Each structure stands twice: as C-alpha cells, then as structure tokens.
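> One letter stands for each residue in the lines below.
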Amino acid sequence: MGLAALDPPYGDPATRQPREANAAVEGSVLIFAAASTSNAISDIERRFVKTSGAQARTSFGSSAALARQIVQGADADVFLSADVHWADYLAEKGLVAGRQELLGNRLVVIVPDDSKLHVRKLEDLQAAEIEHLALGDPQSVPAGEYAKRALVKLGLWEQIKARVAAAEDVRHALAFVETGAAEAGIVYATDAAISKRVKVVAEIPESLTGRIRYPLLLLTHGRDNPAAQAFCRKLRSPAALKIFRRYGFTTLAEK
Amino acid sequence: MSLLSLQCRHRYASGFELDVSFELNHRFTSLFGPSGSGKTSVLSIIAGVFRPQQASVRLNGRRLLDTANGICVTPARRAIGLVFQDALLFPHLTVERNLQYGRRHRAAARRTVAYARVVDVLELGGLLRRYPRNLSGGERQRVALGRAVLSGPELLMMDEPLASLDDSLKGRILEYLQRMIAEWDIPTLFVTHSQAEVRRAAEWVVVLQQGRMVAEGPPDEALARPAPLAWGNSAGPVNLLRIEQVTAAEGHLAARVAGQDLFLPLGKPPAVSPSFVQFRPADVIVSRQDVSGLSVRNHLHGRVCQVAPVEGAIFVAVDIGQIVWAEVTPQAAAELQLAPGAEVVCLLKAHCLTLVS
Amino acid sequence: MTSEAWTAVRLSLQVAMCAALGGLPFAIAIGYWLARGRFAGKWLVEAVVNLPLVLPPVVTGYVLLVLLAPRGPIGAVLQGWLGVKIVFTWWGAALASMVMGFPLMVRAIRLAFQAVDPRLEMAARTLGAGGAATFFTVSLPLARRGVTAGWILAFARSLGEFGATIMVAGNIEGQTRTIPLAVYTLANQPDGMGRAWPLVALSVALSCGALAISELLERRQSLHVPA
Numbered sequence: 006m007g008l009a010a011l012d013p014p015y016g017d018p019a020t021r022q023p024r025e026a027n028a029a030v031e032g033s034v035l036i037f038a039a040a041s042t043s044n045a046i047s048d049i050e051r052r053f054v055k056t057s058g059a060q061a062r063t064s065f066g067s068s069a070a071l072a073r074q075i076v077q078g079a080d081a082d083v084f085l086s087a088d089v090h091w092a093d094y095l096a097e098k099g100l101v102a103g104r105q106e107l108l109g110n111r112l113v114v115i116v117p118d119d120s121k122l123h124v125r126k127l128e129d130l131q132a133a134e135i136e137h138l139a140l141g142d143p144q145s146v147p148a149g150e151y152a153k154r155a156l157v158k159l160g161l162w163e164q165i166k167a168r169v170a171a172a173e174d175v176r177h178a179l180a181f182v183e184t185g186a187a188e189a190g191i192v193y194a195t196d197a198a199i200s201k202r203v204k205v206v207a208e209i210p211e212s213l214t215g216r217i218r219y220p221l222l223l224l225t226h227g228r229d230n231p232a233a234q235a236f237c238r239k240l241r242s243p244a245a246l247k248i249f250r251r252y253g254f255t256t257l258a259e260k
Numbered sequence: 458m459s460l461l462s463l464q465c466r467h468r469y470a471s472g473f474e475l476d477v478s479f480e481l482n483h484r485f486t487s488l489f490g491p492s493g494s495g496k497t498s499v500l501s502i503i504a505g506v507f508r509p510q511q512a513s514v515r516l517n518g519r520r521l522l523d524t525a526n527g528i529c530v531t532p533a534r535r536a537i538g539l540v541f542q543d544a545l546l547f548p549h550l551t552v553e554r555n556l557q558y559g560r561r562h563r564a565a566a567r568r569t570v571a572y573a574r575v576v577d578v579l580e581l582g583g584l585l586r587r588y589p590r591n592l593s594g595g596e597r598q599r600v601a602l603g604r605a606v607l608s609g610p611e612l613l614m615m616d617e618p619l620a621s622l623d624d625s626l627k628g629r630i631l632e633y634l635q636r637m638i639a640e641w642d643i644p645t646l647f648v649t650h651s652q653a654e655v656r657r658a659a660e661w662v663v664v665l666q667q668g669r670m671v672a673e674g675p676p677d678e679a680l681a682r683p684a685p686l687a688w689g690n691s692a693g694p695v696n697l698l699r700i701e702q703v704t705a706a707e708g709h710l711a712a713r714v715a716g717q718d719l720f721l722p723l724g725k726p727p728a729v730s731p732s733f734v735q736f737r738p739a740d741v742i743v744s745r746q747d748v749s750g751l752s753v754r755n756h757l758h759g760r761v762c763q764v765a766p767v768e769g770a771i772f773v774a775v776d777i778g779q780i781v782w783a784e785v786t787p788q789a790a791a792e793l794q795l796a797p798g799a800e801v802v803c804l805l806k807a808h809c810l811t812l813v814s
Numbered sequence: 021m022t023s024e025a026w027t028a029v030r031l032s033l034q035v036a037m038c039a040a041l042g043g044l045p046f047a048i049a050i051g052y053w054l055a056r057g058r059f060a061g062k063w064l065v066e067a068v069v070n071l072p073l074v075l076p077p078v079v080t081g082y083v084l085l086v087l088l089a090p091r092g093p094i095g096a097v098l099q100g101w102l103g104v105k106i107v108f109t110w111w112g113a114a115l116a117s118m119v120m121g122f123p124l125m126v127r128a129i130r131l132a133f134q135a136v137d138p139r140l141e142m143a144a145r146t147l148g149a150g151g152a153a154t155f156f157t158v159s160l161p162l163a164r165r166g167v168t169a170g171w172i173l174a175f176a177r178s179l180g181e182f183g184a185t186i187m188v189a190g191n192i193e194g195q196t197r198t199i200p201l202a203v204y205t206l207a208n209q210p211d212g213m214g215r216a217w218p219l220v221a222l223s224v225a226l227s228c229g230a231l232a233i234s235e236l237l238e239r240r241q242s243l244h245v246p247a
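Residue numbers (this note's numbering), protein chains in the order written: chain S, 6 to 260; chain H, 458 to 814; chain A, 21 to 247.
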C-alpha cells in the first residue's frame, strides 16, 4: 500500500503545490526521523509549521532506537527510517498505515580534514595506521550494516572488524572522525557534507552496499491525523525534495 | 625567665574582645572565670590551635608565637599537652594506642615519661585493650591525662577536665592529677569555673572576666577580690575548708578544722587525706557572741579580716585559722558592726556541709 | 549466557574496579578539602565536581571525547608524547566511568569527613602529629566507612555507565562493550530483547548488592559518630 492510496488528491506536483501551500491544518504531528536526516527534516519542519499552522515535534536517533520506541508505544505519527528492515518490522507488527520510499543515500569513506594517511579506496582501510574505523554499530545502525556489507563483499571485513569503533548512531561515528578518535570512518555522504572537519576520500558504489533507501512511513497512530497527512505531503513536495538534495540525498518520490 | 608568658589581643566578629596578658611561674595555676570570659580562647592561643590578631607566647624562653614578627610554631611542635573537657580520645584506637599516640609522634628525646609508670600511677592497667566507647567518664579522663603526659609536654593545659564528671569522681581525678604533677613535675594550667576546684588545687589563680584579667594571686587572695565574689551561679564563691582527723562518731562524722571541732552529717569517712568540706557563704550565720540552745552544731570562732560589699550583699571574710566567707545583708553587717578585727562566731548547720575528698 | 555476555561482565567489573580505584585518591583529597576548607570559590569547585551528575551523560562523554581524542588537547599530548590512544580502549571506558562516578564518591567521602569531630584532629596536633600524620592516623581512619561507601557507590555507578562510555570508548566487543553496552546492542536487534534478559538480571543483582553494602556501611558510620 503506497501513501498515495491514503491521499486521493495526490496528482501532478505542479497543480498540487498552490493548494498545499495554502492549506491550513489543525492539530499536531510527532515525527521520528533517522539521525542522518535531522538537518533536512528540521528545515522542512520549520517551513511546514510556518505555512500550515499545525504544530510539529521531531525526535532524531538511530532508526533502530526509534523503531524500538514505536513498538513500545511511542505516539509517533510519521517515521522516516534509514533502513528498510526496521520498516518491514514495523509493518509486520501492524503499525504502518502507508509507506513510500522517499530518499536514497550513498556511503563515503571519510578521514579528518588534516589527515596525512593515504586512503583512496576501501582496500586502503586495511593499513595498520588506521587503528580505528568509525562505523555505525553494524548490529543496530543501518549505516553500519551497509558499510559491513560492502566490506564483506570485498573480503575485508574479517581483517578490519577488530578495529571497528561502533557508534550509537551515524552522527556519533562522524564525531569520532571529527575529533580524530578514529583515523577513518564510513558514513553517509549526507553526514560528510555537513562537517567541515572531515574530508571525503572515497565513495562506495551502490553495487557494494546494496540500495540505500529511506522509507517514509505514515504510522497507524497518525492515520487519522490531518497534520500527519499534511506533513507527508509536504515531504514529497518539490520544495522539500530540493532541500533533501541540497543535503546530499537522492530523491525518489517525484516519479 | 618565667615559665610561660602570654600577651594576646583579639576582636571577634561578635564584638567580644579578648585582651589578656600574664606570666606564669607556678607549678599549678588555675585560669578561672565564668563561662564566656575567654578562658578557652586563651588556652587555644597557647596551644596554637587558634591564632589571634595580635599575640606573643613564650614557653621556657622559647618563642611559640609572635604575630609582630610573623613567628608561629605549629601545635605539633609546641610540646604543650592539652586535656579537654570531654577527653577527646580517638574512638578508633584502643586505650593503649591512645596512650602511645603522642609518644609515637614526638621525637625520642622528648620521651621522658615512662609508659609503664603512667599506667601504674593512673591505674590504667585493666583498661588497655578497651575502646573509649566502653569506658566510663572518669576512666576516659584518666586516659586523656595519661595520653597528654606521655607526649612529654613542657606544659600541661586542661580545659575544665572535671566539668562533665559527677561530684564523687571529681575529687578522685583531681587526686590523680596531683599525683601526676608530683611524679613528673609538669607545670600545669588548669581552666575551671569552679571556685572549689581553684581553692582545692591551685597555687596561683588568674581570674578572667569578659576577656580581661581582673585578678591574680594565690587563691585565697585572688578570690577575695570583688569580681569573683559577685559572680552568681556555678562560678560564684564557695567555701572550702581543709579538715583533719575525720572519724565516725555516734550519728555523725567528727573532724577538726584549724584546731576547732566540726560536725558532719553521717557518711563514709574519706580514705584519703587531706579532706575538705564545701559550703555556700549564704549558709553561714554570723554572730557577735556564742549562743547556746540552738540546733546548729558548728560554732567556729574567728576574727573578721575583710568586708567586701557587692551588689545587694556584703561578703565577710572570717579568719578561723582558715578563711570562711559569709554572705550577709548590708543591714545585718551594719547592726553587728562587722569590721576587720571584730571577733565573731560562724554558725554552720552540719547538713549544709559537703564532704569532698 | 553466551561467551560474549561473560566477556561483557568481566569487562564491566574490570572497568568499574579501575574507575573506582583511580578516582579514590582524588575524591579523598577533594572530599576532605570541601569538608574542612574555608575559602572563596568553594561553591565553584563543588559545582564543577557535581557537573557530571546533572549533565546528560552523552554530553559529558562528548566533552571527554573532544578532550581525549588525538585532535583534542589532552589526547594530542598522550598521542604525541607517549604514543597512546586512550579512546576506544577499556582505559577510556574506565576514565569515562570514573568521571561519571566521581561526584557520588566525593559526596559520600565529604560527608564522612564532616562527621569527624575536628577537635579530634586538634587533639592529634597537640600530641605532636603534623598535618599529614593527623590526616592518616585520625581523619582518614575515622572516615573509613564513608570512604568505602563512596568507593562502592562509584563502583556501582561505573557498572551502569552507558552514555559517556559509548561516546569515549565506542562499543567494541571484547574491548569496551560492558554490560550496559551489551544490553543496548542486543536491544537494538529486532529479536534481541529476549536474549538480553540474563545480562539485565545480572546487572540488577550487581547494582543492588553494591547499594546494599554501601547503605549498610553508611548506617554503621552514623552509629560510630559520638553523640
């Protein structure tokens, strides 16, 4: 079931936009979003509140932690997950009312901006100088799972895994590299883009990581909430997608 | 060179001002005054645990404190033993370890006092393995005395060491104290607010009132000054007579005081000598001639040697061989023409007398 | 329990032991200073000591990470002079735990020193003991129960430390994955909660035991104070 099914007026973006911009909506929406989307979502949320008149609250964290909270009964209306597995898991539990793959992302290898290490490709991460490689925890953070998948595919994981510094979410992995605690890290291109203290030394192709998709979920708790529906529409608007692209995401919703 | 010379001045935040100077040359000196007169402050300054705004302290010619020249010897190096009202034994150490505490922290040369002898003199042998919490008040005070002596002090100072003990114990501890002073010849400064204790033990007394010295001298003289006579409550005047030949007689105790007979209420005759009787000046009736047919047992003959008016009363000192103070009204003193030289009889009910030993 | 779980338990005990022991001398010094010292700016020292108690642990951890990482002021010195990297090691975890448990330890020790009659220290000084001798023969022995209680509290706090540890030490299996981190890792897997139970139970038991001992010691301490 796509989000469009819940949203009959959805149609051509050009004709929809004026209507949406003027829509006044009552009530409030609670948005859960993966840590990697926090900057973009904050920007969009601010605009949404200004134009719609609805209230909005946001909570950012690792997709796993947020999904866990939703299962435990958190009152979230909308969930932008960095991981399809957690989306599937919530759907199995009957907590999802509508779903659409909204964004795509890529992984990159980063080092501190003053690093003198020669790292140009994933294979270079085996170098002994790299005492620690910062990743999101591969057991719980999607960015870490994708990174592990790429390293496994290249046959590097077994050598590297003892040096992996697993972070609570992908932003912590970024902080590990920014502070020099880890000599290198693998994060989303979008995270690398917001930090001035790291540089991107390699991009990891989708052929290694698998497709990195961000499903947008309208949760059952928000199904009858006009503000939640309005926020989902807002996320798919050309203006919002432009913001996502500015932060380095690829957008998938406008087809 | 005097044993101890002290000069100090300090103004407290409360406005109380301490301004005292004196010299000590006696074996056993009392620092006497009502509570709040500054006795403990003086002791703290000498011991070095309180540093006043301006002071100089010398002990046996050694400068311990001289604020003008920035000299201040730490308490640890002053060689002054301090005994507190509540003993202040270390609760986590046995009696034995308490006794040896000062010894362990003092240079070997200062260890002039034999441990075994202290245990002997203060009769501490049975207490050595106990902890302070299992001791009685009197036992604690004895241990505190021993601990101070064993630290090899040049001067022993005691802050009301008897105040928290009951009457029957006070005399015994005083006796231990005197034994100790006799044995080791340690000069002692003894703080008290009890005139009886001063009369009982001191050779010299320094009298403090509101932060100033108001009298000093031998106890009989210094305590005859207007200030100590006028004090009420616990620091007020008390008679203390030395008595001899205490024997049990039919229904009472008999004794001799300065060659005259004395009747005491029945009790156990004291085992030690000398003994004392204590009574209040207000309990003394003064008569110009001896009278018969009274229930009063004691008729002590003497001669008035001093008449001291204080507010609302007159204190009359009668020399019966020792001094007896009587408190009378101004009218009575005028009517009886009580003046130095007048012959009088002091009438004392037996039950007004307390035997102390 | 799995061998990973046992590793987490061993690591937790090792980290907590080191954190509590490492902080002890400092906590005793600062506790005594706060109990006895009279100086301007005392409130400031107190505030700084208590900061980890009120800051979110992740913030404390972030500050520690910034200080200790090779690009931070302390980390740069460690790396440059000694070639040591403390972040992502169990030493880092111990240091984070030490900082988090420090306020509790200082508080208990300070209260214990405050309960020692200062006149006993005065008596020791007049008996010839210098400042250090007085401290070690009178003040410290009399405060020993409170000091032990403080140590145990800090130990217990370290066993449960999560936020600062994961920031400074990461979550590296066999090196820095202590009990709370192991539980967290399990809880973040869709089916992990069930497997986390043994660790959760053990964690509760350890903490309760430590608290009970600490409480018992503090009660004995208060009986010890003379009326």
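These are calculated hints, taken from the structure and not from any lab test.
One thing to keep in mind: the hints can contain errors.
Straight-line Cα separation of at most 25 Å, SDA-like style, residue types lysine to any residue; simulated pairs [claimed, not checked]:
no., chain 1, residue 1, chain 2, residue 2
1, S, Lys201, S, Val124
2, S, Lys247, S, Val124
3, H, Lys806, H, His709
4, S, Lys98, A, Arg91
5, A, Lys62, H, Tyr469
6, S, Lys121, A, Ala207
7, S, Lys204, S, Arg228
8, S, Lys204, A, Asn70
9, S, Lys126, A, Leu236
None of these values were measured; they are calculated from a predicted model.
> State for each hint whether it applies.
Against the structure, the hints come out as follows:
1. For the hint pairing Lys201(S) with Val124(S), the CA-to-CA distance comes to about 18 Å; that is within 25 Å, so the pair holds.
2. For the proposed pair Lys247(S) and Val124(S), the alpha carbon gap of about 32 Å is over 25 Å, so the pair is violated.
3. Distance restraint check for Lys806(H) and His709(H): the Cα-Cα separation of roughly 12 Å lies within the 25 Å cut-off, and the hinted pair is therefore satisfied.
4. Between Lys98(S) and Arg91(A) the CA atoms are separated by roughly 45 Å; this puts the pair beyond 25 Å, and the hint is violated.
5. At most 25 Å may separate the alpha-carbon atoms for a hinted pair to count; Lys62(A) and Tyr469(H) meet this at roughly 24 Å.
6. Note on Lys121(S) and Ala207(A): the hinted pairing is violated, with a Cα-Cα distance of about 38 Å set against a maximum of 25 Å.
7. Proposed proximity of Lys204(S) and Arg228(S) is contradicted: the alpha carbons are some 42 Å apart, above 25 Å.
8. Our distance criterion of 25 Å between C-alpha atoms is broken by Lys204(S) and Asn70(A), whose separation comes to about 37 Å.
9. Taking the CA atoms of Lys126(S) and Leu236(A), the gap is about 59 Å. The hint is violated against a cut of 25 Å.
When the structure is compared with the earlier hints, violations turn up for hints 2, 4, 6, 7, 8 and 9 and for no others.
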